[in-house]
Amino acid sequence: MIQFEKFVLQNGLRVIVHQDTSTPLAVVNVMYDVGARDEDPDKTGFAHLFEHLMFGGSLHVESYDEPLQMAGGDNNAYTTQDLTTYHVQLPSENIETAFWLESDRMLSLAFSEKSLDVQRKVVCEEFKEHYINKPYGDAWHKIRELAYEVHPYRWMTIGKELSHIENAKLEDVKDFFFRFYRPINAVLVVAGNVTLEQVKTLAEKWFGDIPPGEKYQRNLPQEPAQKKAKKMELKADVPLDALYKCWHIASRFDNKYYITDLITDILSGGGSTRLYQSLVKEKKLFSNIECYHFGNFDNGLLSIEGKLVKGVKMTEAERAVNDELEKIKNELISETELTKVKNKTESTIAFEDMAVMSRAISLAFYELLGDAELMNRELDKYNAVTASDILDEARNIFREENSSTLYYYSNNN
Amino acid sequence: MITVAKTGIDRTVAPKIIDAVDLNLQLKPYRKYILKNGVEVFAIDAGAEDVMMVEWVHYAGNLYEEKNFVASATNFMLKNGTSTKTAFQINEHFEYFGAYLNRTAYNETSAITLHTLTKHVGELLPVVREMLTESIFPEEELNTFKKIMQQRLSVNLLKCDFVAQRLIDAYLYGEQHPYGRLSRFEDYESLTREQLAEFYKQYYLQGKFLIFVAGKLPENLEELLNKNFGDLSNKRPEGKNFLVRPAPEMKQRITNDPNGVQGAIRIARHFPNRHHPDFLKVQVLNSLFGGFFGSRLMANIREDKGYTYGIHSYIQNHIQQTAWMVSTEAGRDVCEPAIKEVYHEMKTLREELVDEEELLLVRNYMMGSILGDLDGPFQVIARWKNIILNELDESYFYNSINTIKTITAEELKQLAEKYLQPEQFYELVVV
Numbered sequence: 218m219i220q221f222e223k224f225v226l227q228n229g230l231r232v233i234v235h236q237d238t239s240t241p242l243a244v245v246n247v248m249y250d251v252g253a254r255d256e257d258p259d260k261t262g263f264a265h266l267f268e269h270l271m272f273g274g275s276l277h278v279e280s281y282d283e284p285l286q287m288a289g290g291d292n293n294a295y296t297t298q299d300l301t302t303y304h305v306q307l308p309s310e311n312i313e314t315a316f317w318l319e320s321d322r323m324l325s326l327a328f329s330e331k332s333l334d335v336q337r338k339v340v341c342e343e344f345k346e347h348y349i350n351k352p353y354g355d356a357w358h359k360i361r362e363l364a365y366e367v368h369p370y371r372w373m374t375i376g377k378e379l380s381h382i383e384n385a386k387l388e389d390v391k392d393f394f395f396r397f398y399r400p401i402n403a404v405l406v407v408a409g410n411v412t413l414e415q416v417k418t419l420a421e422k423w424f425g426d427i428p429p430g431e432k433y434q435r436n437l438p439q440e441p442a443q444k445k446a447k448k449m450e451l452k453a454d455v456p457l458d459a460l461y462k463c464w465h466i467a468s469r470f471d472n473k474y475y476i477t478d479l480i481t482d483i484l485s486g487g488g489s490t491r492l493y494q495s496l497v498k499e500k501k502l503f504s505n506i507e508c509y510h511f512g513n514f515d516n517g518l519l520s521i522e523g524k525l526v527k528g529v530k531m532t533e534a535e536r537a538v539n540d541e542l543e544k545i546k547n548e549l550i551s552e553t554e555l556t557k558v559k560n561k562t563e564s565t566i567a568f569e570d571m572a573v574m575s576r577a578i579s580l581a582f583y584e585l586l587g588d589a590e591l592m593n594r595e596l597d598k599y600n601a602v603t604a605s606d607i608l609d610e611a612r613n614i615f616r617e618e619n620s621s622t623l624y625y626y627s628n629n630n
Numbered sequence: 032m033i034t035v036a037k038t039g040i041d042r043t044v045a046p047k048i049i050d051a052v053d054l055n056l057q058l059k060p061y062r063k064y065i066l067k068n069g070v071e072v073f074a075i076d077a078g079a080e081d082v083m084m085v086e087w088v089h090y091a092g093n094l095y096e097e098k099n100f101v102a103s104a105t106n107f108m109l110k111n112g113t114s115t116k117t118a119f120q121i122n123e124h125f126e127y128f129g130a131y132l133n134r135t136a137y138n139e140t141s142a143i144t145l146h147t148l149t150k151h152v153g154e155l156l157p158v159v160r161e162m163l164t165e166s167i168f169p170e171e172e173l174n175t176f177k178k179i180m181q182q183r184l185s186v187n188l189l190k191c192d193f194v195a196q197r198l199i200d201a202y203l204y205g206e207q208h209p210y211g212r213l214s215r216f217e218d219y220e221s222l223t224r225e226q227l228a229e230f231y232k233q234y235y236l237q238g239k240f241l242i243f244v245a246g247k248l249p250e251n252l253e254e255l256l257n258k259n260f261g262d263l264s265n266k267r268p269e270g271k272n273f274l275v276r277p278a279p280e281m282k283q284r285i286t287n288d289p290n291g292v293q294g295a296i297r298i299a300r301h302f303p304n305r306h307h308p309d310f311l312k313v314q315v316l317n318s319l320f321g322g323f324f325g326s327r328l329m330a331n332i333r334e335d336k337g338y339t340y341g342i343h344s345y346i347q348n349h350i351q352q353t354a355w356m357v358s359t360e361a362g363r364d365v366c367e368p369a370i371k372e373v374y375h376e377m378k379t380l381r382e383e384l385v386d387e388e389e390l391l392l393v394r395n396y397m398m399g400s401i402l403g404d405l406d407g408p409f410q411v412i413a414r415w416k417n418i419i420l421n422e423l424d425e426s427y428f429y430n431s432i433n434t435i436k437t438i439t440a441e442e443l444k445q446l447a448e449k450y451l452q453p454e455q456f457y458e459l460v461v462v
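As given, the protein sequences belong to chains A and U, one line each in that order. Counting the first sequence from 1 gives a position; the working numbering is that position plus 217. Counting the second sequence from 1 gives a position; the working numbering is that position plus 31.
Please keep in mind that the hints were generated in silico from the structure rather than gathered at the bench. Ideal Cβ placement from N, Cα and C applies to all residues, glycine included. Mixed in with the good hints, there may be bad ones.
Mimicking DSSO-like on lysine-lysine, the simulated pairs with C-alpha atoms at most 30 angstroms apart in a straight line are [said to hold, decoys possible]: (1) A:LYS530 x U:LYS177; (2) A:LYS598 x U:LYS150; (3) U:LYS177 x A:LYS500; (4) A:LYS501 x U:LYS190.
Derived contacts from chain U toward chain A, CB cut-off under 8 angstroms, selection only [said to hold, decoys possible]: (5) ARG42; (6) THR43; (7) ALA79; (8) GLU80; (9) GLY129; (10) ALA130; (11) ILE179; (12) GLN182; (13) GLN293; (14) GLY325; (15) ASP335; (16) GLY337; (17) ASN395; (18) SER400; (19) GLY403; (20) GLY407.
So that you can see chain U by itself, here it is in the shape it has in the complex:
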């Protein structure tokens, strides 16, 4: 019999643990520099490996464009040619030093992100400066970009999850809203280099940016940043407000592929942004509902019924207003039963108090996961970036910890009654 072995341990008894809720989680403070032009630099100097990242965040997201894709095309093509370098030469320069230069357009902002061995950063910053001051958007590069994007779209449109995500966003926010815009072939087709050059002028050459840096930082970092970026424009463009125009019809079923073997399900409702007093509390309710592997949705719909490989709920990462979303791909013939179970789990949360053991598990899981997420300089700066771009401060982080530790079962039930009401949810299945 192996149950009680020579070491005499009783394997049925769990080892003692400290509750993760008792951990004293700290968000490492950043160091802040102000460049000569007033540009703010947020820095986390930490880590054992000689690597670092620099991110330039411009107020040049989709929000500011007059025409679909101009913001993302401009951001993408920053790497595709300057007055002295071709796209190939720019790529070769970064790749020669083993560095990665990525760019991403978001709704409010757009980013250029450099990952490099610290020893090479001095060779790379002047080329980033050149991209930010001397980009020329060559016609031929734009044509190739348009063609590639259209072909990628044609492949994506065959994927039920891609189609479902863009449609649910369009239902929630309206197609005119930056959060709900649909990509269409003709939008790519009609892009011109003049539109990109104008956007570049307005939001890069005459715009505003922030810099985030993290990793093992060189001693002369401030000097390097000042030299390369301390004389660029730092004037924030006027914000734009968009009205949310949700679709009148809340339940939709769409057949995208008559032979599809799975359906993509999205169930979503509007939700206020991070400044709302319920936001942090609902993060705990969301964890319990569908926010991690041990959540109610996962336990029921994957681990008990086997309808799906995975089901998740989350609050979308938007700044102005946002949505609470349930997302899964399920077998075609079990989509409707899966949806029924989602509403069933909402009902349970509205009607029954979560027991203390399950609540403690959620608290511990969330605390442990924040501890893990804060491990390493890149993770710490990512958290700060989110706080800063949402115009919050460190109290947001500490309030969030405090909420996880102290929220009660009654509060969670009240929040479920307030927000988990089926008639407030949009519902979509794309097969």
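Extracted from the complex, chain A is given alone in its bound form:
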């Protein structure tokens, strides 16, 4: 059980306090309810570019990093398709520095032309490093465009293309900030060696006078149910053929999420899981194979991807994957196997909860999902999943017409 207290400032900022006196640290996490899905289709990559700009100085504070480092602190941030989060860790004695810095950049950024100019370049290099200059780096760009017709999950968080980032204007930056980066759209979590009273005082002092902003009403085009299997072929200078298949799944809010998550653990993620044992070890068709999902807030994708052993035919590899899926669709899994994946979940949660930073980010995440208290109910929801739930949901997900397949061929073959 993770203990916490929650209160809301007058401007709508939700504040969660999680006290842990065993650590000398304090952690401050600010999560904003905005991600790549909220971008304009012609200005993709913006939420993430924006995350970089949040370090380029704010209204009253020229540099974000320097005063934080001076206070012995460290920070990081990340952007997903659903949210953007900023976290700071520092000696608990210096916690007010984090309040000062985070509140000033929530109040307003400095909107410096120089910062935009540099971070455009930095993000373009990040784009190249991860998605252009790496073998198979473009695969997920292609799959998203294949699997989604209308939903903004069509594009990657890094952006659809370099030009969208290169063309970002300061005006776009300002609009984005005042639309999304408002107290009413944010969650503040303070964790570690802090007290509730201390956090109340500091939160009121530093965040209390920031104008609330308008609650962002999300109205995204929802993806219609897919009616026909989609397939795409690609050839590139990679050493091995690769197979990518994905299927539409329910959102993070749906109870089916827990079933789906366990399905991915049954199929992959360990030396005794089905796809690895059958397709890598026994049939020797793949040199690696993984099954995963992203836990998206809107309806997401479950994906199976693997690299083929040299000489193996794509059709043969795909058939073998489908054979494994037929098994999970047609045979109830044993209690032992179900216990195994539930035990794995229990242990994953326990290890995640060791670090105070990770607990803080989880609390913010669940608050954004609707209620921080959900964090303490997760394990029960996993434990409630039955073998027949797995069977039913596997049948529901792994339908041919629900699938998109990318055949990624090597030019060498």
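Using the hints provided, position chain U relative to the given structure of chain A.
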């Protein structure tokens, strides 16, 4: 106007801080047990969650192998079959209990690491014992391993950062040195199960190991460890010394992918190990140079010029001798300007004293980061492990804190003059 709000705060003034240099950082002492066979166990009992880790460290690293990959293949295949269990059964056993069993081969040592809920540890240790005493290295498992490793290598060889890292290591230490060995397809191809079995016999069955444990530990831990590991061999193999044979040519430009949009840059020089009196001081100079987000390299090459997503400098984590390395991936057309800026930052450090404010920032950052790194039992044991395997003691930790607190701008400048000399650096760009 929102600048001065109802609370009357002046946002232009930073809140008061305590300088992190004034923190009294302590490294929590370990508890040490000696098993019946003399094997040392180092334990940190702490943490709120009911989880723990156990690490077995054998003197069975790459250093001891006669042939490339034998050490890492042996270490990897400990999980791939014993006289009574198949690879699948071993995996299933650990995974059933939600535990993670990883293995890693390093240069001097190789490790088996178990992470588990504390309540299950008793079920898991006997299987680790079996891996350490009854491994059989099945032919078929080895063939699959060889194929997978070769395919992984074929993918990695397309990545400029992977190619650059292995080449710079080979330039620095020579390809015959364990720190500079290159992985080649034929090395995997020619591995045999006999080679693995022989290495296993020599360095596991008849070798020496240490045990590190951390987390919420069970009361009967010592008894459990004695029962499972108290009768195994504890004889340290003879150390081996390798001569460093650096490449004669210090500047290299390599085209790995004619269409590449980025180049991987490595700029590196030899550096002595942790026992050298300059080592701890240079850690501070390194932080200032390229060791954290606020460093000179990051401020200039990322935050001012935008040439890269990130640039870092660090001292490699080697035991015998090591290297000081600058590492980045930069846009193909800005690689040369980026390199020029790296040398420019070296020059500034050689010629100008760092001002007190920047030095205080580096000190505070380093202290804060050690404070953060010591948070949690796994982090504390990792620090101890590093100290113990480098044959140091806790004074290393306290000297390091003291150095961060007291090193002067003059000393840093002298160290820069001594070590940050461009002609001593190897330089490589792989596009």
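Does the alpha-carbon distance linking LYS598 (chain A) and LYS150 (chain U) stay inside the 30 angstroms limit? holds (22 angstroms)
Does GLN182 (chain U) pass the interface hint, meaning its C-beta sits closer than 8 angstroms to a C-beta of chain A? holds (4 angstroms)
Under the criterion of a CB-CB separation shorter than 8 angstroms, is GLN293 (chain U) in contact with chain A as hinted? holds (5 angstroms)
Tell me if the interface restraint on GLY129 (chain U) is satisfied: Cβ within less than 8 angstroms of some Cβ in chain A. holds (3 angstroms)
Could you grab the alpha-carbon distance between LYS501 (chain A) and LYS190 (chain U) and see if it respects the 30 angstroms cut-off? holds (25 angstroms)
Proposed interface contact between ASP335 (chain U) and chain A, which counts if any beta carbon pair is under 8 angstroms: Holds, because the Cβ-Cβ distance from ASP335 (chain U) to chain A comes to roughly 7 angstroms (cut-off 8 angstroms).
Hinted contact THR43 (chain U) with chain A - closest CB pair below 8 angstroms: For THR43 (chain U), the interface hint holds, since the closest Cβ of chain A sits about 5 angstroms away, which is under 8 angstroms.
Let me know if the C-beta of ALA130 (chain U) comes in closer than 8 angstroms to any C-beta of chain A, holds or violated. At about 7 angstroms, which falls below the 8 angstroms cut-off, the nearest Cβ of chain A leaves the hint on ALA130 (chain U) intact, so it holds.
Sort out whether LYS500 (chain A) lies within 30 angstroms of LYS177 (chain U), counting only the CA atoms. holds (16 angstroms)
Let me know if the C-beta of GLY407 (chain U) comes in closer than 8 angstroms to any C-beta of chain A, holds or violated. holds (6 angstroms)
Next item in the hint list is ILE179 (chain U). Is there a CB on chain A closer than 8 angstroms to its CB? With a minimum Cβ separation of about 5 angstroms from chain A (threshold 8 angstroms), the hint on ILE179 (chain U) holds.
Using 8 angstroms as the Cβ threshold, decide whether ALA79 (chain U) counts as touching chain A. holds (6 angstroms)
Hint check: no violations occur; every hint is consistent with the structure.
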